[in-house]
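In order, the protein sequence lines correspond to chains A and B.
The UniProt record's numbering puts the first residue of the first sequence at 1, with every later residue one more than the last.
The UniProt record's numbering puts the first residue of the second sequence at 1, with every later residue one more than the last.
One side of the interface only, derived from the structure: several residues of chain B facing chain A at Cβ under 10 Å: (1) Asn78; (2) Asn90; (3) Phe91; (4) Ser140; (5) Ala151.
Keep in mind that the hints were calculated from the coordinates and are not lab data.
Every residue, glycine too, gets a C-beta built ideally from N, C-alpha and C.
For reference, the chains in residue letters:
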Amino acid sequence: MPSFSHFFQILIETKGVFFKAMLLTLELTVVSILLGIIIGLVFALLKISNIKILELISDIYVYLVRGTPLIVQIFILYFGISGIFLLPDFWAASLALALHNGAYISEILRGAIQSVDNGQFEAGRSLGMTKTLTLRRIILPQAFRRALPPLGNQFIISLKDSSLAAFISMNELFNVATTLGSNNFDEMTYLLIVAVYYLLLVALMTFVVNRTELKLAVSDR
Amino acid sequence: MNTKEMIKISQLNKSFGDLHVLKNIDMTVYESDVVCLIGSSGSGKSTLLRCLNFLERKDSGNIIIEGNEVNPRTDDLNKIREKVGMVFQNFNLFPHKTVLENIIEAPVMVKGVDKEKAIIKAKQLLKKVGLEDKSDVYPSKLSGGQKQRVAIARALAMEPDIMLFDEPTSALDPELVGEVLTTMKDLAEEGMTMVVVTHEMGFAKEVADWIVYMHDGKIIERGTPEQFFNQPKEERTREFLTATMLK
Chain A
1 MPSFSHFFQI LIETKGVFFK AMLLTLELTV VSILLGIIIG LVFALLKISN IKILELISDI
61 YVYLVRGTPL IVQIFILYFG ISGIFLLPDF WAASLALALH NGAYISEILR GAIQSVDNGQ
121 FEAGRSLGMT KTLTLRRIIL PQAFRRALPP LGNQFIISLK DSSLAAFISM NELFNVATTL
181 GSNNFDEMTY LLIVAVYYLL LVALMTFVVN RTELKLAVSD R
Chain B
1 MNTKEMIKIS QLNKSFGDLH VLKNIDMTVY ESDVVCLIGS SGSGKSTLLR CLNFLERKDS
61 GNIIIEGNEV NPRTDDLNKI REKVGMVFQN FNLFPHKTVL ENIIEAPVMV KGVDKEKAII
121 KAKQLLKKVG LEDKSDVYPS KLSGGQKQRV AIARALAMEP DIMLFDEPTS ALDPELVGEV
181 LTTMKDLAEE GMTMVVVTHE MGFAKEVADW IVYMHDGKII ERGTPEQFFN QPKEERTREF
241 LTATMLK
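Use the sequences and the hints to build the structure in full.
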């Protein structure tokens with residue numbers, strides 16, 4: 001184990017390069033979460049559409065994504081798609097992460113939507129609101145609120161999963177840590193440093209999710 | 001007595017799977033009538049009510065609302081629902097919206113009413129149901145009786161011609177039933193056409209123009225409250241009344 005003073009010395013010396021890597025990790029994570037929410041919402045709605053073929057499409061998507069490792073999906077997008085057209089590294093990684101998260105998010109959202117009492121839907125309909133309007137104005141806001149705790153979980157998972165982008169040579173946190181570690185024959189110091197950065201990011205993310213929860217909980221007070 | 005037919009149902013049938021819940025129902029409701037649907041649980045009275053704003057789809061028969069025969073397949077049900085307000089047993093207020101937002105939601109989003117005007121109207125309605133001080137409160141802060149009065153105001157905000165009530169007091173604590181019934185009575189006195197599924201015999205006796213008694217998916221007997229409660233014609237009705245009055 002490295003000594004404390006050594007650890008802090010390296011931590012301070014490398015803050016520039018790690019900060020840059022942290023920004024890339026953050027970009028990968030935010031893009032993949034935002035795309036993942038859109039993808040997840042689309043497939044959640046397909047799943048509850050009551051149209052067999054659409055339900056099946058949603059089922060197959062979720063099965064394929066949950067049934068294969070994320071690293072395989074990243075490599076397929078990186079190597080596979082580049083045979084057809086070249087996907088920039090960032091987008092190969094972001095898209096793979098988004099498609100991956102989308103499957104899990106779709107299940108989170110589906111559960112949340114179905115947990116909203118059917119009476120809410122009937123109330124909207126009885127007031128002359130269309131299905132779409134009722135969904136948008138009445139059901140989804142309530143569902144999203146219920147989905148926040150598991151979504152927060154999923155966001156943290158996707159932050160940490162972004163480390164797999166290292167394997168398609170994206171200079172995000174994990175890649176920088178392992179590269180610097182082996183170059184300096186000092187792996188442990190750099191792994192501990194990168195752990196600190198991940199912990200910081202998770203703390204930030206937890207804070208944002210908690211704040212959003214509080215804000216949405218205003219109707220309970 | 002008014003003669004404009006607001007609702008005319010003929011030979012209405014509805015089944016849930018093997019269960020035949022509505023059997024050849026015929027019923028006409030005239031303008032400003034208050035009709036109370038009574039009967040034991042499972043008699044089909046709530047299903048009948050829900051068929052009237054097409055939350056349940058009929059299997060066969062005709063439903064004519066304000067002179068127009070409604071075909072759920074081709075007609076715009078949303079347009080009809082704008083004219084037929086519904087109050088539910090469990091209130092079904094939107095918990096993520098304040099009382100005021102609950103009331104203006106449909107007028108603004110469905111009818112395209114100007115938001116300022118919708119708010120003015122909503123405040124008048126809140127005053128009418130005695131809750132003008134609650135407009136910025138969320139439903140979780142209201143008692144059951146207050147929730148139901150907001151639900152009534154919400155339905156009225158669409159300016160319906162007909163109001164349907166599905167056991168509006170069944171989920172309430174006994175001491176809160178009165179305030180909701182009073183609101184409904186006021187509405188009846190203003191001439192609103194109302195169809196009310198209820199177990200409140202006192203309300204039915206006092207406010208209804210017509211009582212319709214249902215059993216096992218059929219209308220057994222109908223009449224004015226006086227006829228119905230004092231001289232029921234059918235044996236089944238007498239049994240029901242005896243059982244209810246003993247409670």
